[in-house]
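Participant: If you read the protein sequences in the order shown, they are chains P and D.
Just so we're aligned: 61 in the UniProt record's numbering is position 61 of the first sequence, and the numbers increase by one with no gaps anywhere.
Just so we're aligned: 243 in the UniProt record's numbering is position 243 of the second sequence, and the numbers increase by one with no gaps anywhere.
These are calculated hints, taken from the structure and not from any lab test.
Treat each hint with caution, since some may be false.
Chain copies aren't distinguished; within one or between two, either way the pair holds.
[As the list claims (entries may be wrong)] With a straight-line cut-off of 30 Å between C-alpha atoms, the simulated DSS-like cross-links for lysine-lysine are:
#, residue 1, residue 2
1, 121, 236
2, 236, 63
3, 219, 63
4, 121, 209
5, 236, 42
2 protein chains.
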Amino acid sequence: MGEKVSNQQVILKDFVTGFPRESDFEVTTSTVSLKLPEWSEKGVLVKNQYLSCDPYMRILMHKADLSFPIDFFTPGSVIFGYGVAKVLESGDPNLKEGDLVWGITGWEEYSVIEDPQKLFKIHHSDVPLSYYTGILGMAGMTAYFGFYDVCCPKKGEYVFVSAASGAVGQLVGQFAKSLGCYVVGTAGTQQKIDLLKNKLGFDEAFNYKEESDLNAALKRHFPEGIDIYFENVGGKMLDAVLGNMRAYGRIAACGMISQYNLEKPDGVYNLLRIILQRIRVQGFEVFDYYHRYSEFLDAVLPLIRARKLTYVEDIADGLNAGPAALVGLFSGRNVGKQVVAVVPQS
Amino acid sequence: MGEKVSNQQVILKDFVTGFPRESDFEVTTSTVSLKLPEWSEKGVLVKNQYLSCDPYMRILMHKADLSFPIDFFTPGSVIFGYGVAKVLESGDPNLKEGDLVWGITGWEEYSVIEDPQKLFKIHHSDVPLSYYTGILGMAGMTAYFGFYDVCCPKKGEYVFVSAASGAVGQLVGQFAKSLGCYVVGTAGTQQKIDLLKNKLGFDEAFNYKEESDLNAALKRHFPEGIDIYFENVGGKMLDAVLGNMRAYGRIAACGMISQYNLEKPDGVYNLLRIILQRIRVQGFEVFDYYHRYSEFLDAVLPLIRARKLTYVEDIADGLNAGPAALVGLFSGRNVGKQVVAVVPQS
């Protein structure tokens with residue numbers, strides 16, 4: 001038995017219906033032994049540093065859908081997601097005490113990770129560690145492979161990005177600009193619009209909440225139509241985009257955050273356009289690209305170091321602030337990538 | 001001036017709202033000179049033999065949508081579509097009197113075709129000439145390239161085809177079977193279901209009009225889910241299929257006949273499945289494959305001659321029967337490919 005320490009944890013109280021609220025979660029404190037338990041001799045014991053707030057986590061707050069072979073959250077148990085952690089004890093020959101890793105971990109101070117082969121070892125710590133929850137982690141790979149592989153972009157094409165200041169969208173826009181595309185983003189506050197135009201280099205941006213007619217807004221920004229849509233929101237925006245796609249357009253279906261809280265999703269009506277304009281709608285999951293992580297790092301790390309790629313983070317301070325940060329994603333409270341620093345930084 | 005002859009024509013009376021009716025058309029008789037007019041010195045004068053009834057023609061009955069660079073029908077004028085014709089006089093050096101061609105022509109006995117370079121010359125007449133409106137024409141290429149190119153099929157995959165006994169569907173099913181796929185089709189009458197199972201070699205088929213729950217019907221026929229959906233109908237069927245697609249599934253969006261007569265299309269709700277199952281929805285137009293016609297003929301003609309590919313046609317007798325045949329597509333009256341023989345055969 002190792003030293004006993006307190007372990008603050010974020011617990012899901014019950015399955016969530018509609019928009020998640022802070023009160024759907026409870027921050028509790030248990031104690032934990034700082035030793036890898038016997039039942040997990042091949043696992044690792046880690047101290048979590050940063051946790052990632054990601055829209056897909058909303059889906060895990062539903063009752064498990066047995067047709068999907070993924071782990072849903074369990075009411076009464078600690079929730080989990082992407083995070084950056086330091087290894088305290090390792091039963092895995094590829095990891096040792098002191099190593100930094102990123103991957104799926106618990107929303108708590110200390111976690112036992114039972115399948116450490118799924119973790120990514122962090123070899124470069126000259127960049128902010130929190131980046132491994134975002135630009136150098138799942139979100140970064142989503143943007144990179146989603147844009148370059150799924151969208152098959154060409155110089156000069158018209159690119160539209162929804163949730164454009166978010167963890168993924170802000171990168172898609174910058175990748176598209178670097179390739180010589182014309183890029184318009186949409187987001188839900190003036191602050192985010194300013195960020196897109198003034199800091200992230202988007203050609204144009206508009207606040208969808210201030211547009212009574214999304215179709216008209218798109219026609220205004222894309223009089224020639226849209227070649228590539230990087231889809232993060234779904235629903236009414238997708239419908240409006242379908243009506244404005246150019247021939248041979250591509251839609252990378254990455255996320256549909258506007259739909260996750262609805263009991264019944266919005267209907268989409270403009271699907272005939274898929275045929276008339278020969279559109280490709282491609283759903284993808286970043287896991288399918290994890291074997292190409294080193295290729296991704298080789299491309300993105302130099303851009304970060306040379307300050308050719310910007311990443312806006314919104315860091316919540318401490319696990320106590322975790323539930324608010326997580327549910328804030330769904331009202332757009334975050335500006336940039338939402339991270340939770342497990343240990344308060346202030 | 002050449003010999004004057006009577007020229008029976010099918011005229012669209014006015015733009016069509018809702019389901020098209022026979023009374024939306026008028027069959028009239030004018031006279032025509034059997035000589036290429038001076039204003040079309042590079043065109044060809046043809047005598048039409050067979051006309052093709054195709055679902056896309058419904059779209060052309062709307063008022064022109066200027067965002068699509070295609071020709072819509074003009075009220076008061078003769079309608080047009082794919083057909084097989086014999087050249088009577090040619091201003092095109094590649095065509096001569098007596099040649100048989102297929103391509104876009106008028107719904108009338110005699111037509112002047114102004115852009116004959118778009119016509120396909122018929123070199124093989126040991127097969128029924130009417131086949132060039134279907135299996136050896138646009139529908140055949142749609143099925144062939146739509147299935148082999150767009151769907152990227154693999155042996156053993158689960159394939160679902162809607163409007164399965166139609167001009168395209170019956171071929172997709174046979175191509176899929178020949179590749180070793182498991183193929184289920186749907187259609188709207190018992191006669192068509194029998195045809196699919198007993199003549200066209202589908203593994204299973206069901207009458208969608210007798211299913212109160214399309215989702216349940218699909219689960220019954222595809223307990224493992226669907227790898228490939230060849231989409232000819234859209235709307236509620238598409239929605240149900242999305243809920244039953246397997247990971248990495250492909251949907252070839254070829255047509256959405258259920259939607260063409262609606263003022264407002266049906267809403268589709270299951271789009272999140274595109275992401276969760278990494279589905280590719282690919283719209284396509286057969287025109288993009290026209291340059292590969294000889295490759296297609298080389299593949300399909302031998303199969304027809306060896307009777308390894310069956311094609312069910314429904315031939316209406318004479319132009320007078322044309323309007324009923326055309327509108328019959330939308331109530332599913334036709335059994336197999338609907339053709340109009342310009343010259344009555346009985």
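Participant: Could you run down the list of hints and mark each one as holding or not?
Facilitator: So, going through the hints one by one against the coordinates:
1. 121 / 236: Neither, since 40 Å and 47 Å both go past 30 Å.
2. 236 / 63: Both, since 26 Å and 26 Å are each at most 30 Å.
3. 219 / 63: Result: close only across copies, 21 Å inter versus 40 Å intra.
4. 121 / 209: Classified as neither; 40 Å inside a copy, 56 Å across copies.
5. 236 / 42: Answer is neither; intra-copy 47 Å and inter-copy 49 Å both fail.
Going through the hint list in order, the structure does not satisfy hints 1, 4 and 5.
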